[in-house]
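Enquirer: What follows is the residue order along each chain.
There are 2 protein chains.
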Amino acid sequence: MQHVSDLVSLFQPKTVAVAGASRNPAKIGNIIVKNLITSGFTGRIYPVNPREQEVEGLSCYPDAAGLPQPPDVAVIAVPAAQAVAVADDCARAGAKHLVVVTAGFRETGTDGLRREKELVAVCRQHGVRLLGPNCVGLMDTHTPVNASFAGSFPAKGKIAFISQSGAFVLAILDWSFSIGLGFSRFVSLGNKADLSETDMIVEAAGDEQTKVILCYIEDIAEGRRFMDAAREVSRKKPIIILKSGTSSEGARAASSHTGALAGSDIAYSTCFKQCGVIRADTMAELFDLALSFAEQTIPGGERVAIITNSGGPGIVATDRVAKNGLKMARFNTQTIDGLRRSMPPESNIYNPVDVLGDARADRYGKALDLLVSDGNVDALLLLMCPAAVTEPLETARAVIATARRHPDKPLAAAFMGGPQLASGTELLKKEGVPVFTFPEAAIRSLNGLVEYGRIMAVPVSGEPLAYAGVERDAVREIITRVRKEGRPVLLGSEAANVANAYGIAAVPTLLATTLEETVKKAGRIGYPLVLKVASPKILHKTDVGGVIAGITDEDELRKGYGAVMNQVLAHFPHNVIYGVEIQKMMPAGNELIIGATRDIQFGHLIAFGLGGIYTNLLRDVSFRLAYGLTRGDVEQMIRETKAYTLVRGYRGQEAGDLAALVDTIGRVAVLVTDFPEIADLDINPVFLYAQGLAALDVKITISTE
Amino acid sequence: MQHVSDLVSLFQPKTVAVAGASRNPAKIGNIIVKNLITSGFTGRIYPVNPREQEVEGLSCYPDAAGLPQPPDVAVIAVPAAQAVAVADDCARAGAKHLVVVTAGFRETGTDGLRREKELVAVCRQHGVRLLGPNCVGLMDTHTPVNASFAGSFPAKGKIAFISQSGAFVLAILDWSFSIGLGFSRFVSLGNKADLSETDMIVEAAGDEQTKVILCYIEDIAEGRRFMDAAREVSRKKPIIILKSGTSSEGARAASSHTGALAGSDIAYSTCFKQCGVIRADTMAELFDLALSFAEQTIPGGERVAIITNSGGPGIVATDRVAKNGLKMARFNTQTIDGLRRSMPPESNIYNPVDVLGDARADRYGKALDLLVSDGNVDALLLLMCPAAVTEPLETARAVIATARRHPDKPLAAAFMGGPQLASGTELLKKEGVPVFTFPEAAIRSLNGLVEYGRIMAVPVSGEPLAYAGVERDAVREIITRVRKEGRPVLLGSEAANVANAYGIAAVPTLLATTLEETVKKAGRIGYPLVLKVASPKILHKTDVGGVIAGITDEDELRKGYGAVMNQVLAHFPHNVIYGVEIQKMMPAGNELIIGATRDIQFGHLIAFGLGGIYTNLLRDVSFRLAYGLTRGDVEQMIRETKAYTLVRGYRGQEAGDLAALVDTIGRVAVLVTDFPEIADLDINPVFLYAQGLAALDVKITISTE
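Chains as they are written, first to last, in the working numbering: chain A, 16 to 720; chain B, 16 to 720.
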């Protein structure tokens with residue numbers, strides 16, 4: 016991981032300069048100085064403005080060069096036209112970091128983009144790091160420092176919120192006061208001209224005050240750098256990301272099955288899965304998850320115990336346990352006996368435990384004690400509805416005491432009500448027990464902890480995939496020739512050769528341009544065989560009568576040749592036909608697809624699933640990014656599919672050769688990594704046998720630029 | 016629909032008696048009297064208790080017989096042991112309705128169940144309707160009347176909340192004060208010994224003050240009565256239901272594909288879909304949906320316009336539009352021109368419209384005006400993040416004014432923040448504009464309106480399915496014989512005959528018990544043919560070598576007979592083998608499944624989807640309930656599947672005979688409705704051809720009791 020400890024002084028500066036500091040309270044340059052002062056920042060604040068003597072009681076400097084000492088952070092809040100010059104001034108004065116809140120850069124078009132490039136050039140020249148431009152700034156509650164123009168300063172907490180949208184920083188900050196949520200820091204990324212989410216995630220990973228890293232992002236600029244960092248950080252601290260823009264219609268070219276199956280969002284969700292990032296689906300979920308992570312430990316398992324004072328909420332929570340893939344704990348006999356002794360006879364003493372509507376705090380407390388000590392219980396949820404004798408405050412105290420005594424088991428509460436339960440809800444919040452209004456959010460939140468436990472259990476990275484004896488030069492030669500001919504699509508015979516060069520068992524395929532050559536080459540392959548039209552433009556050959564299987568002798572071959580040519584010419588009178596390809600006829604096997612498609616951010620996505628002509632119909636495909644792919648990843652991606660049921664031997668059939676399948680997927684990943692010019696690769700179908708497999712149809716598209 | 020106008024006086028009583036009225040403030044019998052008084056109930060309140068003279072300043076009567084007039088409602092809050100006698104007393108005194116809050120009935124076991132039966136018998140005897148027992152009671156804010164022991168009384172509103180869980184009544188009531196939500200009524204169903212969700216839904220449908228009907232239920236007692244009622248009511252008022260218990264492990268017997276595919280929750284979700292009920296997934300969603308329905312009209316389409324003062328939230332909302340199956344509106348040129356003239360040049364004037372962070376109320380207002388007048392816009396969402404110059408209150412006023420001028424277009428707001436936006440949020444709530452914290456809930460809420468618009472567009476019920484010439488007697492005869500033999504499973508030949516009797520094109524199948532009989536009957540069917548073992552116990556015949564297809568002559572038949580018998584005896588040495596079945600070999604077609612399985616609440620579920628040996632693997636199946644099934648329902652259930660893509664002609668194949676498919680599914684529905692003793696029916700595979708279809712393998716299981 017890149018060393019970024021030099022960013023510590025961005026969040027824990029000793030001196031902050033504010034370029035564009037102003038006496039006018041309507042100006043951002045005034046708000047920032049005020050924010051620095053009121054946040055309790057104990058370092059030095061240097062307002063910089065040639066037209067001011069003094070701002071908010073502090074001496075103002077005409078330029079950065081005149082500052083008494085180089086600032087750790089220079090916040091730049093001058094008009095866009097002056098921003099580059101002022102940045103240069105600050106950098107020359109020895110500023111370590113620039114926070115450019117000024118707008119009017121890349122987001123405004125060509126002139127702005129040029130200005131942004133100049134700004135970055137200034138920073139690079141002086142070895143200065145840049146946050147923004149076009150950002151709200153940053154806040155750290157523990158330093159404390161508020162180097163932003165936000166209208167308020169958050170309560171102290173353990174959540175770092177990193178946002179590509181400045182508006183979300185302002186919105187979440189304001190919202191946090193209504194629900195009493197604390198933060199370790201807020202970072203507004205702005206245009207991400209230099210410092211990005213990756214830098215901020217790595218920095219937050221090193222911050223002692225931060226327990227959970229929350230991000231709102233719209234894109235990731237350096238996909239592989241993000242992956243390297245996230246893989247490592249995610250094993251230290253949870254990273255939860257809301258990634259928007261999922262509906263983007265920037266659809267992939269559907270020139271391959273794999274490309275068509277991988278929507279524009281697949282690369283991101285695959286990246287997150289592969290790197291141990293937890294993805295939130297909504298803003299509400301992002302913060303529901305944060306609530307548990309900020310305060311709770313990671314459970315040892317997925318078995319949840321539920322305590323409720325009424326049946327309905329217990330059922331709702333139980334439903335949710337199953338929907339989230341958690342398990343209802345089955346109590347040991349000691350717990351059952353204890354509950355039987357201490358609860359009224361009408362109570363349900365099995366999970367979910369119903370302490371009944373007349374439960375006061377003591378009864379809740381007894382049940383809690385028993386459940387938390389049960390070795391079959393990994394996490395607890397306490398539900399409360401307001402009834403006449405309900406004691407929210409005392410029950411909250413019992414919950415807190417239990418949580419203190421058993422810090423190893425996460426505990427969440429859903430206090431389902433309003434004013435009647437408020438005293439308890441407030442206390443739980445204050446004492447760091449995650450509390451929700453409804454059971455569903457509470458269970459989702461606990462599920463996040465379990466999900467993270469699973470992430471932690473997987474090593475950061477396994478052995479990288481490598482295969483001896485791959486023939487790189489042979490592939491280079493084929494691709495170079497195809498490029499020279501200006502063709503984007505390899506012929507079937509060429510693609511088969513590329514696959515074979517990487518140890519992928521492509522079925523021998525020969526190209527023939529005349530009937531007599533076809534007959535001659537058929538002799539070399541042997542009957543029975545398959546005859547296919549060879550044309551770079553025809554993608555779905557079967558659909559146009561361009562494929563005849565099961566040809567058993569020369570006579571059938573001659574007839575078939577004529578039939579294929581007639582069909583194809585009828586369908587595509589203007590297409591280039593190279594001739595035909597003949598291929599050894601293979602015994603039938605389970606039809607699978609293995610593919611690769613290139614993503615602009617993250618490199619190649621590898622796909623595996625059900626193959627054959629129904630691939631697009633059934634869409635049973637799992638994905639992984641080739642970058643950093645391990646054998647464990649490949650095994651897991653196979654297990655995620657319905658095709659895996661076939662591989663294991665479905666309904667009495669023999670199991671397929673899993674090792675050969677894993678090997679082939681791995682070789683595809685290495686092939687496309689070695690040759691980034693491969694835009695799309697489809698092997699469809701792959702026939703998987705009890706021993707080995709056969710890649711029947713290999714299609715490869717390369718980028719020609 | 017059942018006439019239930021006699022329930023009006025349950026919610027609008029003129030006189031309410033409280034049996035078990037008490038002076039002790041800790042007693043429910045005291046709370047109920049107080050609640051009646053403080054709710055502003057203007058009718059007469061009669062406390063009843065032989066041991067009290069006066070309760071809360073009202074004269075107390077020793078028994079109901081002594082009341083000055085028969086009460087419209089008698090609330091019973093006496094101990095369980097006295098409840099039946101007191102109910103009898105009230106009924107004899109002429110009470111129209113009993114609300115029994117007393118617990119200690121069915122929910123406590125055998126004695127309680129007996130007591131509940133006695134209670135119901137008393138009510139039946141006197142023609143009195145019963146709410147409960149074991150319920151919280153009911154509240155109506157417009158009457159107003161609070162005949163419950165809840166700790167407070169809700170604000171007036173348009174939402175009726177009907178709950179099988181009393182705890183949820185108390186929880187939602189208390190919670191409603193924190194978010195400022197109003198209700199027309201709360202109904203706690205309790206044990207549903209008499210009045211059920213169906214009665215309460217029908218009653219709420221007739222209530223002028225109720226605009227949306229919300230239910231929390233755990234089961235539906237009378238499935239078909241609910242369906243009749245919900246079908247009709249859902250076209251008048253939206254019904255939104257949270258149904259819990261979805262994870263119940265009361266799994267169906269997996270003796271058929273259809274049974275295995277239909278989880279325990281499928282019948283409920285199918286019922287809701289078929290009857291126009293909107294199903295909420297979580298408590299939060301239930302109320303998010305209610306918020307829009309309570310105040311907004313139903314949009315004419317699904318095109319949403321979004322106005323935002325920042326990019327990020329706009330992107331999040333746009334994502335959600337696509338995820339919810341809504342569309343982003345494309346503005347007409349007049350709108351675009353108007354926005355171009357009135358917005359700053361940096362604004363985004365396409366959807367989502369970004370009025371920029373410095374937008375004050377007037378700019379929001381102008382954009383709103385333009386969008387709401389655009390004929391391409393069906394619904395609007397306004398997003399606001401807190402920025403320095405944001406005017407939440409004035410913007411809220413602009414929103415309200417727009418909503419008033421254009422009541423035809425639903426409008427929701429997401430004010431993303433806390434204290435800074437509170438003035439606007441409060442005003443919107445007060446004036447009935449649904450306002451949310453985050454965009455996702457707002458879009459889900461608008462989507463509910465669109466979903467309801469689609470429900471309203473479908474007629475309550477189409478022509479019921481009926482087919483001339485079905486041979487009921489022939490089926491009756493077969494089933495009677497099978498039952499007499501004590502067999503639960505029909506032989507293939509019997510099942511084929513049942514199917515044929517209802518005009519389902521089952522492939523002729525003959526049973527033979529010896530080799531020579533097989534050879535003889537094969538002559539009648541003709542070659543090629545399929546040979547299958549005939550045994551009621553072997554369900555997956557293919558897996559055990561019990562099926563040989565493509566037998567072309569007598570020699571192959573004789574060999575095949577031996578092979579099948581050997582295989583089956585090897586696998587199932589102790590099974591009863593009836594012999595073999597021979598069936599005409601059919602040309603291959605798209606493999607589909609049509610099935611039926613009986614649900615305990617709603618009768619038969621009909622299934623359609625991809626068939627063949629991968630049915631369970633791919634699980635591409637849609638369901639409908641046979642009860643009230645129309646041709647339109649059948650067409651829609653076909654369209655919901657991936658199999659439909661095959662039916663229409665996938666990748667160059669000829670389209671299948673859709674009419675024959677619809678006809679066959681309809682005939683299956685009529686067959687199982689005529690013969691409720693059919694527990695499970697599978698036709699798998701059905702081969703669908705360009706003309707007609709063939710039901711290759713019909714399996715029928717009957718209940719033998």
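Since the hints were derived computationally from the structure, they do not count as laboratory data.
Be aware that one or more of the hints could be misleading.
For chains that are exact copies, the list does not tell them apart, and a pair is met inside one copy or across any two.
Unchecked claim - Under the rule of at most 35 Å between Cα atoms (straight-line distance), these lysine-lysine pairs were calculated in the DSBU-like manner:
no. : residue 1 : residue 2
1   : Lys714    : Lys338
2   : Lys381    : Lys42
3   : Lys252    : Lys381
4   : Lys342    : Lys42
5   : Lys171    : Lys552
Enquirer: Does each hint hold? Answer for all of them.
Expert: Status of each hint after checking the structure:
Proximity of lysine 714 to lysine 338 under the C-alpha cut-off of 35 Å is restricted to the inter-copy arrangement: shortest distance 32 Å between copies versus 39 Å within a copy. For the homomeric pair lysine 381 and lysine 42, the shortest alpha-carbon distance between copies (26 Å) is at most 35 Å, but the shortest distance inside one copy (58 Å) is not. In this assembly of identical chains, the alpha carbons of lysine 252 and lysine 381 lie at most 35 Å apart only when taken from the same copy (33 Å versus 46 Å across copies). Proximity of lysine 342 to lysine 42 under the C-alpha cut-off of 35 Å is found in neither arrangement, the shortest distances being 55 Å within a copy and 40 Å between copies.
Proximity of lysine 171 and lysine 552 under a CA criterion of 35 Å is satisfied in neither setting, with 62 Å inside one chain copy and 68 Å between copies.
Violated hints, listed in ascending order, are 4, 5; each of the other numbered hints is respected by the structure.
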